[in-house]
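With chain A held as given, fit chain B onto it using these hints.
Residue numbers (this note's numbering), protein chains in the order written: chain A, 1 to 309; chain B, 1 to 261.
Each hint can be trusted.
Label-pair restraints from in silico Cβ distances: (1) 105/A - 176/B: 33 to 39 angstroms; (2) 66/B - 98/A: 23 to 29 angstroms; (3) 66/B - 96/A: 26 to 32 angstroms; (4) 87/A - 74/B: 26 to 32 angstroms; (5) 76/B - 300/A: 45 to 51 angstroms; (6) 134/B - 122/A: 44 to 50 angstroms; (7) 300/A - 144/B: 35 to 41 angstroms; (8) 95/A - 176/B: 28 to 34 angstroms.
Taking lysine to aspartate or glutamate pairs in the EDC-like style, the calculated list, with each CA pair at most 20 angstroms apart, reads: (9) 176/A - 129/B; (10) 176/A - 131/B; (11) 153/B - 132/B; (12) 176/A - 140/B; (13) 236/B - 28/B; (14) 115/B - 137/B.
Derived contacts from chain A toward chain B, CB cut-off under 10 angstroms, selection only: (15) 176; (16) 178; (17) 181; (18) 184; (19) 185; (20) 187; (21) 190; (22) 191; (23) 193; (24) 194; (25) 198; (26) 199; (27) 200; (28) 249.
These aren't lab readings, by the way, just hints derived from the structure by calculation.
For each residue, glycine too, the CB sits at the ideal point set by N, CA and C.
For reference, the chains in residue letters:
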Amino acid sequence: MGFFLETLFGGLMAGMLYSLVALGFVLIFKASGVFNFAQGAMVLFAALAMARFAEWIPAWTGIESRLVANVAAFVLAGAIMFVVAWLVEFLVLRHLVNQEGATLLMATLGITYFMEGLGQTIFGSDIYKIDIGMPKDPIFAFDTVFEGGVLINQEDLIAAGIAAVLVVLLSLFFQKTATGRALRAVADDHQAAQSIGIPLNRIWVIVWCVAGVVALVAGMIWGSKLGVQFSLATVALRALPVIILGGLTSVPGAIIGGLIIGVGEKLSEVYLGPYVGGGIEIWFAYVLALVFLLFRPQGLFGEKIIDRV
Amino acid sequence: MKERKLGDVILDVQNISLAFGGVKALTDISFNVREHEIRSIIGPNGAGKSSMLNCINGVYTPQHGTITFRGQTFDHMNSRQVAEMGVARTFQNLALFKGMSVLDNIMSGRNLKIKSNILLQALRFGPAEREEIRHREFVEHIIDFLEIQAYRKTPVGQLPYGLQKRVDLGRALAMEPQVLLLDEPMAGMNVEEKQDMSRFILDVNDEFGTTIVLIEHDMGVVMDISDRVVVLDYGKKIGDGTPDEVRNNEDVIRAYLGTSH
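Pulled out of the complex, with its shape left as it was, chain A reads as follows (with noise of 0.2 angstroms):
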């Protein structure tokens, strides 16, 4: 039993930096009716951003605590991402209003390449690590209740609380804010919002904003657990099953989805592992997303299209 918690626990945390992931790709979509596929890309950018400051930091204004450094460097890759956010909108999308969602998803694939690339050319492609100084030792839970108590890790529920933070002041933006609801409005339709005076050029700026700071929320997490690298780009594709499960438009669906994914890899790993060779954590979630794609394609979630014929 303590192992098979263990196990759920372990799922969870990597279900919970998932969701992270994922929450970028339905605030852009919720929002502007892009599929951004430069989320990734975004998450590697920042995080490269934020470890490389708090390496600079210290080096150039002589400040020795690591909590100055780290706080600046967070601040600063930040307010990157506000520029990367207002570029993307004044280079790319002002010239799309209007456009076909395939033709916005194609311009969000060329910022990823261009991104990716800008990253490593300015911050360097090496392995960097980002220390937030958070807890590293495992602590022991529920030790009266099983015999030997369920291993977790502090550090991931650190991580699971920035992030479920995160998410509730997200939900709060959108659903209650006036500014939220435009942000909606322009997911549905452009034309109608702007013949009601809504700014979509501001709208966009607001939106790539709040993504690139959850962008850079991911990778910090992500960063601090596994070093920052390339690979971190990579992280996107497993967001993509994420949001098939838990549907392109829900905040909780992103949520949810990551989390049902992360533990089902580790589930499915330790306990069918062993009859079929193992190997099921690396295309469990895509399977799970076909099955998902086949027999509900709008998610758990998501809002269910209907077409007028």
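Only chain B this time, still in chain A's reference frame:
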């Protein structure tokens, strides 16, 4: 009797020409709209009615001509600027925010009126909260007016077509527009729905004094509710005047009924 309430010219369209490549959608169109008026633009399919509306609305930029709104002349503007000046519109092919509820759709029409900043909104802090409530009251008034109270929380995508058209109108009304552009508000409706919609249009004009520019295909409805009518055919203006004058205009009859050669 209605003539008396008409005010000055609020919208003046001068010599508008619009072409898409070699296709001339509009050629040298001029007309004006007076305050509190119901002004219709009619014409057969492909006459350029929607193109005309899209020029006024800033979706298209005409190659020639000027549009004067309340004494200010423009030869180039976008939809958002037009919205800020107090011009609202509805769409021929519904362009509602389908995933959102009826209430949220209409509330989104208040967008330009909401002043409090995003941080205060998120915290639901004092003034922002009061502002939201004030806008909500106004929107409830519109919902009552359009008789869609029962569907407040329903996602608009699930409503029947006739009701969606009403929500579209409601969203435009939420902007408290001075001029309301209606693009075929009765297209695809049955007789009963058409009557309802006509009544709403007349009531809006009556109660709020909103100037209305109406595009319609259905001659009968237009003649009943319009003060003055512009007739377009193949992108040219072939008639302009009261419904009676237009009805007896030779060119108009020819355009609608065809002519024997």
